[in-house]
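**Q** Protein chains in written order, with the working numbering: chain A, 1 to 296; chain B, 1001 to 1296; chain C, 2001 to 2334; chain D, 3001 to 3334.
Some clues are possibly wrong.
[To be verified] Label pairs and their computed distance ranges (CB to CB):
id, chain 1, residue 1, chain 2, residue 2, range
1, A, 249, D, 3039, 48 to 54 Å
2, D, 3292, B, 1253, 53 to 59 Å
3, D, 3308, A, 169, 22 to 28 Å
4, A, 256, D, 3005, 34 to 40 Å
5, C, 2289, B, 1253, 36 to 42 Å
6, C, 2237, A, 249, 54 to 60 Å
7, B, 1085, D, 3065, 52 to 58 Å
8, A, 249, C, 2285, 52 to 58 Å
Calculated from the structure, these hints are not laboratory results.
The model shown is predicted, which means the values in this text are computed figures rather than measured ones.
Where a beta carbon is used, it is the ideal one built from N, C-alpha and C, also for glycine.
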Amino acid sequence: MATLKDLFRTKPKYVTVKPVQGEAGPVRPPAPKPKEVPDGLWAKCPGCQSILYQRELSKNLHVCSRCGHHFHVGAMERLAQILDSVETFEEWDGEVATVNPLGFPGYEEKLARTQEKTGLREAIVTGVGRLENYPVAVGILDFAFFSGSMGSVVGEKLARLFERAAERCLPVIVVSGGGGGARMQEGILSLMQMAKTCQAVERFGRSGRPYVSVLTNPTMGGVYASFASLGDYILAEPGALIGFAGPRIVERTIRQPLPSGFQTSEFALKHGMIDRIVQRKELRPVLAQILRLHAR
Amino acid sequence: MATLKDLFRTKPKYVTVKPVQGEAGPVRPPAPKPKEVPDGLWAKCPGCQSILYQRELSKNLHVCSRCGHHFHVGAMERLAQILDSVETFEEWDGEVATVNPLGFPGYEEKLARTQEKTGLREAIVTGVGRLENYPVAVGILDFAFFSGSMGSVVGEKLARLFERAAERCLPVIVVSGGGGGARMQEGILSLMQMAKTCQAVERFGRSGRPYVSVLTNPTMGGVYASFASLGDYILAEPGALIGFAGPRIVERTIRQPLPSGFQTSEFALKHGMIDRIVQRKELRPVLAQILRLHAR
Amino acid sequence: MVNGVFEWERPLVELENRIRELQAFTKEKGIDFSQEIATLERKADRLRAEIFSNLTPWQRVQLARHPRRPTTLDYIGMICTDFLELSGDRCVRNDEAMVGGVALLDGIPITVVGPQKGRDTKENIRRNFGLPHPEGYRKALRLMVQAEKFGRPILSLIDVVGAYPGIEAEQRGQGVVIAENIRRMSFLRVPVVCVITGEGGSGGALAIGVGDRVLMMENAWYSVISPEMCAEILWKDTGRAPEAAGVLKLGARDLLELGVIDEIIPEPLGGAHRDREEVARRLKEAVLRHLRELMALDPDELLDRRLKKYRAMGRLQEQTAERLEAIRSGQAEA
Amino acid sequence: MVNGVFEWERPLVELENRIRELQAFTKEKGIDFSQEIATLERKADRLRAEIFSNLTPWQRVQLARHPRRPTTLDYIGMICTDFLELSGDRCVRNDEAMVGGVALLDGIPITVVGPQKGRDTKENIRRNFGLPHPEGYRKALRLMVQAEKFGRPILSLIDVVGAYPGIEAEQRGQGVVIAENIRRMSFLRVPVVCVITGEGGSGGALAIGVGDRVLMMENAWYSVISPEMCAEILWKDTGRAPEAAGVLKLGARDLLELGVIDEIIPEPLGGAHRDREEVARRLKEAVLRHLRELMALDPDELLDRRLKKYRAMGRLQEQTAERLEAIRSGQAEA
Ligand SMILES: [Zn+2]
Ligand SMILES: [Zn+2]
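Isolated chain A, as found in the complex (with noise of 0.2 Å):
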């Protein structure tokens, strides 16, 4: 029988020993902690100042009820949000954790930090769960982890989300909230993921089931270059910022000051990249009438 440095050798590059983390197992993040919600019982909107009470603003799907201001939400939080319970929910996956594949300065430091203070392992979180009851694979990025950014761990746990929906006829749904574009620290490797994220979502079309992508602010580079763009049905929360190239680095290059509007979900939808805007209250019940749509 085969050792396990093995079985390592026979695929060295799918599976290196090195661990970053020393235990292994789902995380359950006892509350997400957007960055734009502070700490405490209050939280300043950004899009009309107004100062909200966080209980308030938790129970309005972290919606702002003066301005309509979408704010962050984590991934399990998402999750209660559009799944009928989560404890319907299994999750896929959880075990599979990131490594320095490039030796990148600082990499293995940072990760420690952002789980300690995210309670998650990665910015993705998948699984499957029931939305007024059909069963639905899901997937939803964090932004409070790496800008929800995809390494190598969130290309491999989006290919196997597909490829296990694709098994069992079951739809999709991935939330890229908010994607953050490339992990820069894992290189390469992390703009390959944009192809096997792809193939991915290309051969699960061929199940005849829907895939549904939710953009939701930010939705950028590599994340919306490549599976966020792909959707069957393509929903984005309000005033989501989406694009390919970060607005800072278009200004610098037509060194004139952006449109308003530049980039946001509304000017997606002018200009024909989605479907349709979603107000988060909405998400679930136009989500729920895809899947209808598709019911067998």
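Could you slot chains B, C and D with the ligands onto chain A? The hints should help.
**A** Same frame as chain A, but now just chains B, C and D with the ligands:
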């Protein structure tokens, strides 16, 4: 055995019995008489207003030696320009004749007059010939005949051209010189030729042989919006009018003068609609190059 | 036309108004006019039959353009449930002159597309008076290809004067996009039912009009050229459009005879706008009947029939004995 | 860099110039300097090896950006015959920052695509400094799909800093077009060989960079982010780009080790621009060798291998015994 009448009854939509012309058989026109080139020794160039000696003009492939204006050329002369020799050309479906399906007032008379004047039976000549010794199926629209517009006969001859080319594994070249669009007098049946020819192109495409579409002045309306736009390679002569809506209609709709160069070959190239602009004297070499790249 | 009433239907409309007045009077004042009303209604029925039973082609064109005629979204709302409108061509723009999405038709998931005219001036401006740019056609095609992916049948509701003849539309390849749509639509491996609900203007209609079945509302028109432009070309006088409507053979009955459409959906006397619910009911019934037939076919068979149908379109004449022999023996297509 | 000479290669370049001067002198005046020249050439050889054999990542980035480095059209001209350049995306525009067409490579018809930098200021403006808009990527994809139709293998020559970050490019869906290209390219049923000839900048490179084989010139770079932007993010200082080039592992040898590329095409000492014909010869040899191997595979096998290759990319770690068992027994992919 079925009588003639029975045959027609089983295919009522396809063949009708009222002949427009008495005599069948391929017609070889004595010489092309495009509108721009009046009979006589001299012609005036619409590009630079020069007075040009007809014989010189003809030697120069009907291109103005001063400004490069490309005059209309008739179907038979075009064949002579691009094929190794017109003698190798074998015409197809020359016997297919036009009827007046809607009983459109004056259609028969105009047809007869046009046939008389041009020596052509319809706006297209199709057949097989050789170009740098490559056998090739060719269709040439002739502007002199109802502005090169597409009625039932043009659509049918094109469909058969593509079908026969597929059977014989021949490449196809169609010169839309110049497609005046729809044959109004055949009403909705003219529109249906757009569907018929697009379908013929696509089915032909499955043979793995290339289809080169050559756009000459003018290629508009239903001709442009069907087979002419579907070439694997789309070439255009310089300065040709190319577009869907006629420039006068566009001008009337937008209520302002059209920008200069609107709907020219150069405009089409800039906006990504064609592959190359090809001077008339370069047409034969470029076609030969394409055939060479597809040689078997 | 004044206030949505054509000159030639004015006597009827005035009579109908009179009847309504008397009915209101009866209700308000309690005075019995039932006998007078009955008399007037008999007269109205006669007049209605007289005016609407023998409409000229031009009168039908006018009805097809009636401002209160149901639009694509009106029909979708009346015949479908769970309509999810989808947007964009993923390339340039979301063209609101073309709408589309997924819906249930009697419980069957379908993709529905169609040009959309505005129902008031503001909407008309937003929707460019229902004249699509290339983006609109590309959106429709995107949704139809999505339908093919999911094995969903397609319903195309056609009401369009034509593809927009503007500078940007030409820049972005109005001709190319129409050709591409026709080509791709012809080979979709799912059932496609098209209905000309109002105007069917040339390539702009055909670009979403290639189907296994093409149905047509009784007062719709479908032509290679609008009557106005035809009149302009023939007589340099758009005022003679009514005449042109006659020679173009653009009405439903002519098209049925020419083999271009498969069925006429009857409208209430006086046009679809006079009884929207009823006309929607008839539309739904016809579409469902055809869809159910088509859904029973396998995709190869479906495609084969569709292509054969278009291959046979057109009329011409050949004189060679050879060709006739080929047709008889079934060697020649169509 | 002054006159195409980097500071760190200046001693060598000066020596080379000196040798050329002496050679010219010999020829003109007939005085024999052969011994002196031989001595200097030995010295130059030593210096060349010293300077160029141990280039830092940043020095390679600089070589990859050398203004005299061969561009895509230069390579096509040197390795192909009968090149027929094709234009347009059939949708919006002909983007001259991306070129492509059909050509013969050693008699084999291939489709070749690639971004094109300008070779002087005027050309650079016309070609937007080799930074493609969505139209450029759409053109490349159109040509690749055409190649698939005709069963032609594809050669993608990649030299691009990135997809253009401009307002119109974002309006017309730079992100969407990159995703679409990656998806479609991944499933092309013909052999695809990509060569990073110069710069391989992020998604703008990957959009034409998914292939059965990905080769890389010795001094090319390929990265998820440019060294400058990486430095800006890490240290808020683009001046530290040389350092960033080091940590990003963007050189050919690193990428070979990471399994992202399949072969390194060696360049002459000092970079491709020092011997264009030789580097073209090596490029042609390598491309042909890979193409011939791939052309022997049937399309299903080709696709299967391509997808497996990308499926395995990335590095991570799992701790469950279950998963390890699955990998060992071959149940898990990759
Ligand atoms: Zn607010
Ligand atoms: Zn001239």
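**Q** Looking back at the hints listed earlier, which ones does the structure fail to meet?
**A** none
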